[in-house]
Amino acid sequence: MEDNKVIKRSEKYMNPYLAGVFLGLVLLSAYFISGRGLGASGAIKSTTVSLVKTIAPAHAEKAPYYKEYLETHPGNPLNSWLVYQILGVIVGGFLSGALAGRLKFKVEHSPNITSKKRLILALAGGILFGLGAQFGRGCTSGSALCGMAVLSLGGIMSMMAIFGTGFGLAYFFRKFWVNI
Amino acid sequence: MKPRILLAIFVIPLGLIIAAVPENKTHAFKLSAEQLLEETNAGIQYYSPEEIADLIIKKDPSIQLIDVRNVDEYSKFSLPGAINIPLTTILEEDWEGYLNQDVKINVFYSNGTLNSDKAWMITRQLGYENNYVLMGGLNYWVETIMNPESPSSTSSDEEFAKYDFRKGAGMALGGGAVISNEKKAGTAPIIPALKSKSKKKRVQGGC
Amino acid sequence: MGPLIAYDLITGSTNLLFAFLIGIGFGFVLESAGFSSSRKLVGVFYGYDTVVLKVFFTAGITGMLGLLFFSLFGWIDLDLIYINPTFLYSTLFGGVLMGAGFIIGGFCPGTSICAASIGKIDAIFFVLGIYIGVNIFNEIYPLVEGFYKAKFLGSPKLSDFLGISDGIMALVMIAMAIFAFWLGEIFEKKKKPVIY
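Protein chains in written order, with this note's numbering: chain A, 145 to 324; chain B, -10 to 196; chain C, 239 to 434.
Derived from the structure by calculation, the hints contain no laboratory data. Mixed in with the good hints, there may be bad ones.
[As the list claims (entries may be wrong)] Taking lysine-lysine and the DSS-like style, the derived pairs with C-alpha atoms no more than 25 Å apart in a straight line are:
id	chain 1	residue 1	chain 2	residue 2
1	A	319	C	427
2	C	429	A	156
3	C	428	B	-9
4	C	429	A	319
5	A	211	C	387
[To be verified] Example chain C residues on the side facing chain A (calculated, C-beta under 10 Å, incomplete):
id	residue
6	264
7	268
8	286
C-beta atoms are modelled at their ideal positions from N, C-alpha and C, and glycine is treated no differently.
Make the full structure from the sequences, and use the hints.
Printed below as a string of structure tokens:
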């Protein structure tokens, strides 16, 4: 009975290898058209910079990071490739979710932890990821996935660091995810 | 069949093919040999000494003379405003900003045309534009601009006009056209601060 | 011919339009593959669901093979595409932080945005967290600038670094990926399926 349920659920998702090929083709078209790979954290950075520029322009002019960013990225930070691409991700994700009937407000978590705990963990993970993506000059998509496609040393290094750390720490956080 | 096996059946042969073929080192969409031959035959790369002399006298800012001879020869004499990029070092990255740009007209010169033509061919093959060659090189320059031969009395008016221009230009450049850099020791040739403005730049990306 | 933007075959605004379309494809594939579920994503670290590994590596090798073949046919100039720069310490340190963020938060930036778009509240919190993290970095930037820019190695390719051709490198990557898929499927079979 339960086994059946599992199969049914997993069937709703696309075969991972097929999805991988599609994702590879999307990545290839990004390189062919725009000469650059996919990304996500960069868009968040752009919006952050734009936000700071709007609400605290004096700070944006003074703080070294914003100064450097605005010098190297002329024009409106929101008018960037990655921002448009992320808007597309939101639309694309929504479309796929709508077609598969997965649109639903919910907090997904393991039965071992409460929703509240899950939200705190998500926030903490996000903070770490945000910091890490800045140091690593790109996130899993911008640095690791694209890095693999173009055989970039830095990208492949960050991929190994991400997954290596993930596997290394998995044991310590197992209570948050699986029944032991 | 398992999707994993199916995927492997597709990608492994593709991987083998890509590993077996030699890498595509030639840059696509740059000149083919035929195009280069055509351009060379047409001689579109040449600027005549008169044109150059005219531009030098007018102090035209759009022109950049580039001496492709070695440093010794360059320091003995050079044309006004010329910078020195010895042919042997032409592929060094430092020069890319000068050679691959769309602001100035670069004119290569050497003693004859052989080395400047080589420089032109190399840069053209790299896909750079705005590079030209001083026709006849310095030898012809000295012959025509510095010591123009007076036409015989039977020559056409055109010849005389040309002679007058050459003589005028030679005088305007006052023998200083061939500047002795030794005289003005210490004054480095003026190198314009050109930013690397390559037309086809690597796309900026990343998160 | 390619990249189209570098050859001025499309304008900057068209490029942004394509960015949006490419984003739709990106988001659609991520969601269809199940990347909008954090429990599915972290499955890779516990061995019960290796969809991340499969999608990620398949996408990587598809993109890699595509670029190499396009270059072979002269359709794209690989010298003009963006290659991630390598700043040794910063890249490694960032990777470690991201790995920790992944296992604690259950998402990465792309998947969290995708999950947020179908209403996952935890994903929205994760995105908020990224904002905070990016802001923290921007504020402490003067303190870490030295570290951030240390050991700059340029934008080397792994193949150049190892002194082999791109094609052989690609073949090695493919072999590694297929091997990883095989391992992943063995683990999946061993582990009890997790319902989520």
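Here's how the hints hold up against the structure:
Of the pairs offered as hints, the one joining residue 319(A) and residue 427(C) holds, with about 21 Å between alpha carbons and a cut-off of 25 Å not exceeded. As the CA atoms of residue 429(C) and residue 156(A) are separated by approximately 21 Å, the hinted pair is consistent with the 25 Å bound. Restraint check for residue 428(C) and residue -9(B): satisfied, since their Cα atoms lie roughly 18 Å apart, inside the 25 Å limit. For the hint pairing residue 429(C) with residue 319(A), the CA-to-CA distance comes to about 16 Å; that is within 25 Å, so the pair holds.
A C-alpha spacing of about 16 Å is found between residue 211(A) and residue 387(C), which places the hinted pair at or below 25 Å, so the restraint holds. Evaluation of the residue 264(C) hint against chain A yields a held restraint, the C-beta minimum of about 5 Å falling below 10 Å. Because the smallest distance between the Cβ of residue 268(C) and any Cβ of chain A comes to about 6 Å, under 10 Å, the interface hint for this residue holds. Because the closest C-beta pair between residue 286(C) and chain A is about 7 Å apart, less than 10 Å, the hint holds.
Checked against the numbered hints listed earlier, the structure breaks none of them; every hint is satisfied.
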